[in-house]
Amino acid sequence: MNDVRLGLSLARERLRGKTAPLVLLLSCATLFAIGVLERQTDAASAPDDALGGAAYGIALPLLAYLVSERVCASERLQRSADSLARYGTDRRAAVLGLLLASASCTAVVGVLLSVATLLGAHGLHSKALGADLRACVGIGLIAGAVYALYFGAASLLGKRGGGRKWALIIDFVLGAGSSALAAPWPRGHVRNLLGGEPVVALSQTSAWLALALIGVACVISSLLKTPE
Amino acid sequence: MSELRFEALNHVELVNVNANFSAGSHVVVGSERDGTGTLIALAAGMLDPARGRVLLDGIAPYSDARTRGRIASLFATETLLPAPDVARALALSLRARGDARSALSVLDEAGLTRFAKQRVSSLTAREGRAIALSIALSQLAPTLLALHEPLSVADILQEEFVLRTLNERSAAGAIVLCTASRLEDATRLGGNTSALERGSWLGPGQARPPLSNITLRVHTTEPRRLAARLSEAPDISGVEWAGGQELLVHGRELDSLAHSVVANARAEAIRITALKQDAPPLEALAAARAGLAQAYYERERGERRQQ
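Top to bottom, those sequences are chains A and B. Numbering (our numbering) for the first sequence: 1 to 228. Numbering (our numbering) for the second sequence: 229 to 535.
This is chain A alone, in the form it adopts within the complex (with noise of 0.2 angstroms):
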């Protein structure tokens, strides 16, 4: 358990500098921006259309792989607890606080992302805004935590962790459909969840499960690859 946490605090000073919250607000700022002329355009639509699109289909995925690219500081996920290890740390364990701390802070993103592209799309005075939001904090929860732990476990591949680059593609590509193939890949049960095409049609309860069993499977393999 003291692992863990090393793991945890570990990943905290990674993320520790003005540079991770500039980002942030820069994100909510555009997304803000974008809300509010999609509500010019259609005001019906724009909700949807700002969060399918610009919020969830692309700031969420890039700031997870930002997030999960400085916790494995740059590095391959077995090789980034490292610096603990060396100390008699036991690595999964790290690794697990390190996974641990990406997901929570990409969640927050993913509700941050979710509030500030609403506030644009709705207004302030709008009726929806209160069910929206409400709705969008699980969603942006989870997706958040899924996309983390999913860019975590492409971090097994690739001399530095070079597969987060190919999980970005890959989820950018192949879950934008709707067939089986994009299925293992969080972009289209997240796109379901807001209301969107499912994948395979599944319901929006089971796209929920999807998300979960993705972001088990990838703890999972995370651990299994790693050695102690």
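I should point out that these hints are in silico values taken from the structure, not numbers from a laboratory. Don't be surprised by glycine CBs; every beta carbon is placed ideally from N, CA and C. Any given hint could be a false lead.
[As the list claims (entries may be wrong)] Pairwise CB distance ranges (calculated):
{"hint": "1", "chain 1": "A", "residue 1": "R160", "chain 2": "B", "residue 2": "N238", "range": "18 to 24 angstroms"}
{"hint": "2", "chain 1": "A", "residue 1": "R160", "chain 2": "B", "residue 2": "N244", "range": "25 to 31 angstroms"}
{"hint": "3", "chain 1": "A", "residue 1": "T19", "chain 2": "B", "residue 2": "N244", "range": "42 to 48 angstroms"}
{"hint": "4", "chain 1": "A", "residue 1": "G17", "chain 2": "B", "residue 2": "N238", "range": "36 to 42 angstroms"}
{"hint": "5", "chain 1": "A", "residue 1": "I169", "chain 2": "B", "residue 2": "R354", "range": "39 to 45 angstroms"}
{"hint": "6", "chain 1": "B", "residue 1": "D383", "chain 2": "A", "residue 2": "G17", "range": "30 to 36 angstroms"}
{"hint": "7", "chain 1": "B", "residue 1": "A399", "chain 2": "A", "residue 2": "I169", "range": "45 to 51 angstroms"}
{"hint": "8", "chain 1": "A", "residue 1": "S104", "chain 2": "B", "residue 2": "D383", "range": "42 to 48 angstroms"}
{"hint": "9", "chain 1": "B", "residue 1": "A304", "chain 2": "A", "residue 2": "L22", "range": "33 to 39 angstroms"}
{"hint": "10", "chain 1": "A", "residue 1": "W166", "chain 2": "B", "residue 2": "N238", "range": "26 to 32 angstroms"}
{"hint": "11", "chain 1": "B", "residue 1": "R392", "chain 2": "A", "residue 2": "L213", "range": "56 to 62 angstroms"}
{"hint": "12", "chain 1": "B", "residue 1": "R261", "chain 2": "A", "residue 2": "G138", "range": "52 to 58 angstroms"}
{"hint": "13", "chain 1": "B", "residue 1": "A304", "chain 2": "A", "residue 2": "W166", "range": "43 to 49 angstroms"}
Given the structure of chain A, go ahead and fit chain B onto it with the hints provided.
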């Protein structure tokens, strides 16, 4: 009794390294290009060997956290744990080691308190290594100290402190494995000397004798007569003649061997047209380098005893 064992180890530069280290001081002479950095990283359990095994008391440190906890290490390149300042980076390291001491006390003991409030990112590479060495030396009762060039930061971390601590750890039963690219450093570190030459391991037995066999190629118009004369000379250990005008003359010291060849040729009025030393093989050069380190060390130890 602790034991560090390298078994048929192959990894990057290292080629089939087989070696055992028991408690006490050991120095491996060689540069980073020879594989000393890789050797230390493997010993500390930071790398998984491509082939072969590294075992500390029968357990591979790479896959056993508890074994790694008994190893204090200094690598060729050091990066402190991320933190706003050195003291907090050190505190995290101590926490990972399960050490209740404060970061300031560790820095103070090593005489590095001046770095406590410095930003980790502003440290030079050598300062980072000095602080990493202070962390390694502060570990109480380690089984193994695996240190890459510990005296290369002697201007930042006092050499006397480093040598005294290493002696204490060695006397307490730890395996102290250091590398040194400079013979002077190897001499000061003391202990059993081995060498790495382009990844090939030269154990203490091979490393001890300096160039024990010198060969001269002697070209003469009368090789048969000269060979007969040289074969009776006391400071010449052997003469080879395979026909032609060239003789291979073997001996122990270059100066006396050359002098003897010339003197004997003059005595018989035999003309020598060329005389040159045969280039020794790389293995012999490496052995000589390690042997010199051993010789320096023994001379210094003898002088200390006399004092």
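List, from low to high, the hint numbers that the structure doesn't satisfy. 7 and 13
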